[in-house]
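Trainee: Take a look at the letters that make up each chain.
Number of protein chains: 2
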Amino acid sequence: MEFPANSLQRRIFIANMLKTAGAAALLSAVGPLEACASPDDKKDYTVQDIMDLILKEIPGAPFKQTVDTLKSGDAAQKVTGIVTTMFTTVDIIRQAVKEKANFIIAHEPTFYNHTDDPDWVAKNEIVKMKQDLLKENNITVWRFHDYWHAYRPDGIMDGVLKKAGWQQYGKSGEFMLTIPEMSLEKIAIHFKSSLKLQKVRVIGDLSQSCKRIALLPGAWGGQRQVTAAENEKPDVLIVGEVHEWETAEYIRDARAFGKNISLIILGHSVSEEPGMEWLAEWLQPKVSGIKVKHIASGDPFKWL
Amino acid sequence: MEFPANSLQRRIFIANMLKTAGAAALLSAVGPLEACASPDDKKDYTVQDIMDLILKEIPGAPFKQTVDTLKSGDAAQKVTGIVTTMFTTVDIIRQAVKEKANFIIAHEPTFYNHTDDPDWVAKNEIVKMKQDLLKENNITVWRFHDYWHAYRPDGIMDGVLKKAGWQQYGKSGEFMLTIPEMSLEKIAIHFKSSLKLQKVRVIGDLSQSCKRIALLPGAWGGQRQVTAAENEKPDVLIVGEVHEWETAEYIRDARAFGKNISLIILGHSVSEEPGMEWLAEWLQPKVSGIKVKHIASGDPFKWL
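Chains A and W are the protein sequences, given in the same order. Quick note: the first sequence uses my numbering, first residue 1, plus one each step. Quick note: the second sequence uses my numbering, first residue 1001, plus one each step.
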């Protein structure tokens, strides 16, 4: 059953139905009235409402096992505004406060370890200060990692491909791309320029011609990166970060054996940020009464 | 009991003793004849001999649990020459062959994972090719990681401090140094120049004055790096490599809270290489009949 898209039209439509039918018949026809209300009709969203609204779009959600839990705050809290970002840094929290946004949706951990265990390092003063800062400002943080990667097409991948202008080369659910042949150097410079990176690290012959790309933004870990390389034999592996003693050494040796494989390291935060920018664009129309703003947590490094 | 240092003198000394005493009395006085021979008398060393000779200098060695095992070859193999390095790369193997050295002592894994499990990634073609290359050339590889760190002073740390000209600031067994006050930028440039690095990555205010340094070459992992930072509150943490989403984000937040802590990332291989250079110097006088050569596996990266 379809309803008019416009809110005013929708109200007239429902009013007309009420004139021509009894309330019970209407409810039977369209379900509870609440189901008729589109998100932009609803004045108050709780954190839980926003999460539900997002999760119904994710295949297989909710997951039994996931790191995508609340890291601070409360699912019942009324949302005043939403910020999407890669890392809920102290600076991002302060910017969210300025924006009067009390709900941060971040791709990566808040407390410096995968499960956000506050006792990962005992009596961590910075963890305590950050917990206090979040509490004082009533900020709820939700990690949105596993779910956004499980969306089809993968929300992070899709955001990165959009930003790189390479959407036409991607296939939903696949990390392999086939691009028109270009040199390793040109690919590195293309990412540097489209993702606005300060520097990239490269292993390979810059003049090598590349066509088959394994694009793995973020930190997949050495085992998954090397498995991708072994299974797919790409011309170049593009990653967010590596364990230097795993993936980088594998690539160095593969090249010494004459294999046509290279590595480009973009940096973790900057490699996935376009996916969280895309989340803000994707989410905004679903909650038009609330401002959804992407703020990049950005590259933490200076290069000397 | 001391013997003449010179080999010929020693032979005369033993011959004279044999003239004046029965063999049994001699053995009782000096122990088995083999114990009398100094390393430079001995024409043939096996890999096991070299390992024994090294391990008797390491407190608590041999360890029950260690990654410092043979990764190829045979403990009974006669050693023709020794190469020390950070990573047994394919290039290092080829250089060792040219040097007619069949024993490589390397600080880090050969097969791209901590325990050198060849099946870490199933049917890894590069692992197979490397195993074959080592076998064809009869190269024995020993990882020398845990033991060199357990030597006092820590062999890697000592090598790095020597290379940086900072030995006077180190204390055996400690990673904290107190240096004359200097700016973060000056420290970064000092390491870049003394360790001959292409680039370093930094988080911090370059003009910040630093005195207390936590020097952690290599890949300690986020938990140990952050623990060191929390416990010692250094002005700067200098590391080989980081998990960007752990240590780097911790430092970024600590700084946002006004803490006077910075991060310098040197690169893994180059941050510990001076320790393997020092191993060659340390080992050579103990096996003067055999050439011990350090060959740097070097920085795998180009920076664009």
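Among the clues, some could well be false.
[To be verified] Which chain A residues stay away from chain W? Per the calculated CB distances, all over 10 Å, these:
#1 Ala76
#2 Thr89
#3 Glu108
#4 Leu195
#5 His243
#6 Glu246
#7 Ile251
#8 Ala254
#9 Ser269
[Said to hold, decoys possible] Short derived list, chain W residues pointing at chain A, Cβ under 10 Å:
#10 Tyr1169
#11 Lys1192
#12 Ala1254
#13 Ala1256
#14 Leu1263
[Stated by the list, open to error] Keeping only pairs whose Cα atoms sit at most 30 Å apart, straight-line, the calculated BS3-like set for lysine-lysine is:
#15 W:Lys1196 x A:Lys192
#16 A:Lys302 x W:Lys1233
#17 W:Lys1302 x A:Lys192
#18 A:Lys128 x W:Lys1233
#19 W:Lys1186 x A:Lys199
#20 A:Lys259 x W:Lys1171
#21 A:Lys293 x W:Lys1259
#22 A:Lys100 x A:Lys78
#23 W:Lys1259 x A:Lys98
#24 W:Lys1293 x A:Lys259
#25 W:Lys1293 x A:Lys199
#26 W:Lys1302 x A:Lys163
#27 A:Lys302 x W:Lys1163
#28 W:Lys1123 x A:Lys171
#29 A:Lys186 x W:Lys1302
#30 A:Lys233 x W:Lys1302
#31 W:Lys1162 x A:Lys259
#32 W:Lys1186 x A:Lys196
#33 A:Lys302 x W:Lys1196
#34 W:Lys1233 x A:Lys123
#35 A:Lys199 x W:Lys1302
#36 A:Lys199 x W:Lys1199
#37 W:Lys1123 x A:Lys211
#38 W:Lys1186 x A:Lys302
#39 A:Lys123 x W:Lys1211
#40 A:Lys211 x W:Lys1128
What the hints contain is simulated information worked out from the structure, not anything from laboratory work. Just so it is clear, CB atoms sit at the ideal spot from N, CA and C, and this is done for glycine as well.
Trainee: Quick one: which hint numbers does this structure break? Sort them smallest to largest.
Mentor: Violated: hints 2, 3, 5, 6, 7, 8, 9, 10, 20, 25, 31.
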